[in-house]
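Chain order of the listed sequences is X and L.
When we follow numbering that gives the first Met the number 0, the leftmost residue of the first sequence carries the number 0, and every step to the right adds one.
When we follow numbering that gives the first Met the number 0, the leftmost residue of the second sequence carries the number 0, and every step to the right adds one.
Check the hints yourself; a few may be wrong.
Pair by pair, the computed Cβ-Cβ distance ranges are [what the hints assert, rightly or not]:
(1) E97/L to L184/X: 28 to 38 Å
(2) S94/L to S124/X: 50 to 60 Å
(3) K36/X to A55/L: 53 to 63 Å
(4) D76/L to N120/X: 53 to 63 Å
(5) K93/L to T55/X: 53 to 63 Å
(6) E216/X to S59/L: 22 to 32 Å
(7) D114/X to I110/L: 51 to 61 Å
(8) Y17/L to S11/X: 47 to 57 Å
(9) R115/L to P158/X: 33 to 43 Å
(10) G63/X to D61/L: 37 to 47 Å
(11) K19/X to E97/L: 44 to 54 Å
(12) D5/L to N7/X: 32 to 42 Å
(13) H183/X to F96/L: 51 to 61 Å
Quick caveat, the hints were computed from the structure, so don't treat them as lab data.
From the three backbone atoms N, C-alpha and C, an ideal C-beta is built for every residue, glycine too.
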Amino acid sequence: MELLEIKNLNKSFDNKEILKNININVSGGKIIGLLGKNGVGKTTLIKLINDLLTPTSGEILVNGKKVGVETKKVISYLPERTYLNKNMKVSEVIDYFKDFYDNFDENKAKKLLKDLDLDVNEHLSKMSKGMQEKVSLVLVMSRNADLYILDEPLGGVDPATRDYILDTILSNFNEKASVIISTHLIADIERILDEVIFIDKGEIVLQGDADKLRNKEKASIDEIFRRMFKC
Amino acid sequence: MELSFDNNIPIYIQLLEYMKIYLISGVFKCGEKLPSVRDFATTFKVNPNTMQKALAELESMDLIYTERTNGKYVTKDENLIAKLKDEYALTLAKSYFEGMRKIGLGKADSIKYLERIDN
Numbered sequence: 000m001e002l003l004e005i006k007n008l009n010k011s012f013d014n015k016e017i018l019k020n021i022n023i024n025v026s027g028g029k030i031i032g033l034l035g036k037n038g039v040g041k042t043t044l045i046k047l048i049n050d051l052l053t054p055t056s057g058e059i060l061v062n063g064k065k066v067g068v069e070t071k072k073v074i075s076y077l078p079e080r081t082y083l084n085k086n087m088k089v090s091e092v093i094d095y096f097k098d099f100y101d102n103f104d105e106n107k108a109k110k111l112l113k114d115l116d117l118d119v120n121e122h123l124s125k126m127s128k129g130m131q132e133k134v135s136l137v138l139v140m141s142r143n144a145d146l147y148i149l150d151e152p153l154g155g156v157d158p159a160t161r162d163y164i165l166d167t168i169l170s171n172f173n174e175k176a177s178v179i180i181s182t183h184l185i186a187d188i189e190r191i192l193d194e195v196i197f198i199d200k201g202e203i204v205l206q207g208d209a210d211k212l213r214n215k216e217k218a219s220i221d222e223i224f225r226r227m228f229k230c
Numbered sequence: 000m001e002l003s004f005d006n007n008i009p010i011y012i013q014l015l016e017y018m019k020i021y022l023i024s025g026v027f028k029c030g031e032k033l034p035s036v037r038d039f040a041t042t043f044k045v046n047p048n049t050m051q052k053a054l055a056e057l058e059s060m061d062l063i064y065t066e067r068t069n070g071k072y073v074t075k076d077e078n079l080i081a082k083l084k085d086e087y088a089l090t091l092a093k094s095y096f097e098g099m100r101k102i103g104l105g106k107a108d109s110i111k112y113l114e115r116i117d118n
C-alpha cells in the first residue's frame with residue numbers, strides 16, 4: 000500500500016480545468032519536489048490532498064483511505080499563507096497545536112524554536128515575516144505525521160535560514176514518512192530531493208528520480224526545469 | 000564536515016567520491032565502524048536515501064561491509080584500500096597531464112613543471 004495514491008484526478012473551477020488527469024504514487028521515506036511555475040495548479044493539488052477542496056473526478060488515497068478526517072490526522076500541512084492568529088504568542092500557538100493534534104511533539108517544537116532563537120513569549124504580530132514562517136514550519140515539522148506537505152516553505156526567508164529549514168526537514172522526517180515540498184526555488188532545495196514532479200498548465204509533464212534525471216540530462220534539476228519551461 | 004555539491008552531477012556519485020577520499024586518507028580506517036546512514040546524512044546535510052545509495056555502491060565495491068545487526072564497517076582488507084588509492088592517484092595524474100596537453104605541453108615538460116613546485 001502506497002502512502003499517497005492519486006488516481007486520474009481532475010479539478011475544474013467553473014468550466015476551467017485546473018488539474019488534468021493527475022496520477023501520483025508516493026511511498027514512505029521520500030522527499031519529493033513538486034515543481035512548477037506560479038499558477039500551474041501546485042497549491043490546488045496540495046489543497047485536494049488535504050481535503051480542503053473536492054475533486055471534480057478521480058481519487059486520492061492516503062494509507063489506502065480516501066482523504067477525510069482520518070487522513071488529516073496523519074498529514075502535516077504547511078499552507079502557503081499562515082492561518083495562525085497573529086495576536087497569539089508563540090507559546091499560545093504551541094498550546095493550540097497541542098490541543099488540535101494528538102501527534103504534536105511539544106518538546107521537539109520548543110527545541111527547534113530555541114535553535115532558531117525564537118522567543119516563545121513573543122507575539123506573532125511582533126515578528127518579521129521570515130520569523131513567522133519559521134514558527135509555522137517548526138510547528139508543522141513537530142508533528143509525528145506520515146506525510147508532510149510544505150507549500151512554498153522557503154519563500155520569505157533569507158538564504159541562511161533556508162539552509163536551516165532544509166536541515167530541519169532532513170533531520171526531522173522519520174524513515175516511514177514522506178515530505179512533499181512545493182516550490183519554484185529549485186536550486187535551493189534540489190540536493191535534498193529523492194524525486195521530482197514537474198507540473199505545467201495543470202498536468203504532470205515529468206516525474207522521476209532526481210539523480211537519474213541529472214545523469215540522463217547531464218544537468219541540474221533547476222537547469223532541466225529552465226530548459227523545459229523557457230518563456 | 001559540510002560538503003559542497005554540484006547540482007549538475009548526481010549527488011550520490013559526489014558522495015561516493017567524498018567517501019572514497021575519506022577511506023583512502025584514513026578518516027575511516029580499515030575495519031573501523033562507520034556512522035549510521037542517518038548520522039552521515041545529518042553531518043553531510045544530504046537526503047538519507049542518497050547517502051544509502053552511495054554506501055550501497057561502496058559495499059558493492061567491497062570497500063565497506065554490513066554486519067547484520069551492527070551496522071557498516073570499512074573493509075579489513077588493506078590491499079583493497081591501497082588499490083583504491085593507487086587508482087585514485089592515477090586518475091589525478093592523468094587529469095594533470097590532460098590539462099597540460101591542452102596547452103601544448105608533453106609529458107617531459109609537464110614533469111619539469113611538477114618539479115618546480117616545492118612541496
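These are the hints, each one checked on the structure:
{"no.": "1", "hint": "E97/L to L184/X: 28 to 38 Å", "result": "holds, 37 Å"}
{"no.": "2", "hint": "S94/L to S124/X: 50 to 60 Å", "result": "holds, 58 Å"}
{"no.": "3", "hint": "K36/X to A55/L: 53 to 63 Å", "result": "violated, 35 Å"}
{"no.": "4", "hint": "D76/L to N120/X: 53 to 63 Å", "result": "holds, 58 Å"}
{"no.": "5", "hint": "K93/L to T55/X: 53 to 63 Å", "result": "holds, 60 Å"}
{"no.": "6", "hint": "E216/X to S59/L: 22 to 32 Å", "result": "holds, 25 Å"}
{"no.": "7", "hint": "D114/X to I110/L: 51 to 61 Å", "result": "holds, 53 Å"}
{"no.": "8", "hint": "Y17/L to S11/X: 47 to 57 Å", "result": "holds, 49 Å"}
{"no.": "9", "hint": "R115/L to P158/X: 33 to 43 Å", "result": "holds, 41 Å"}
{"no.": "10", "hint": "G63/X to D61/L: 37 to 47 Å", "result": "holds, 41 Å"}
{"no.": "11", "hint": "K19/X to E97/L: 44 to 54 Å", "result": "holds, 50 Å"}
{"no.": "12", "hint": "D5/L to N7/X: 32 to 42 Å", "result": "holds, 38 Å"}
{"no.": "13", "hint": "H183/X to F96/L: 51 to 61 Å", "result": "violated, 44 Å"}
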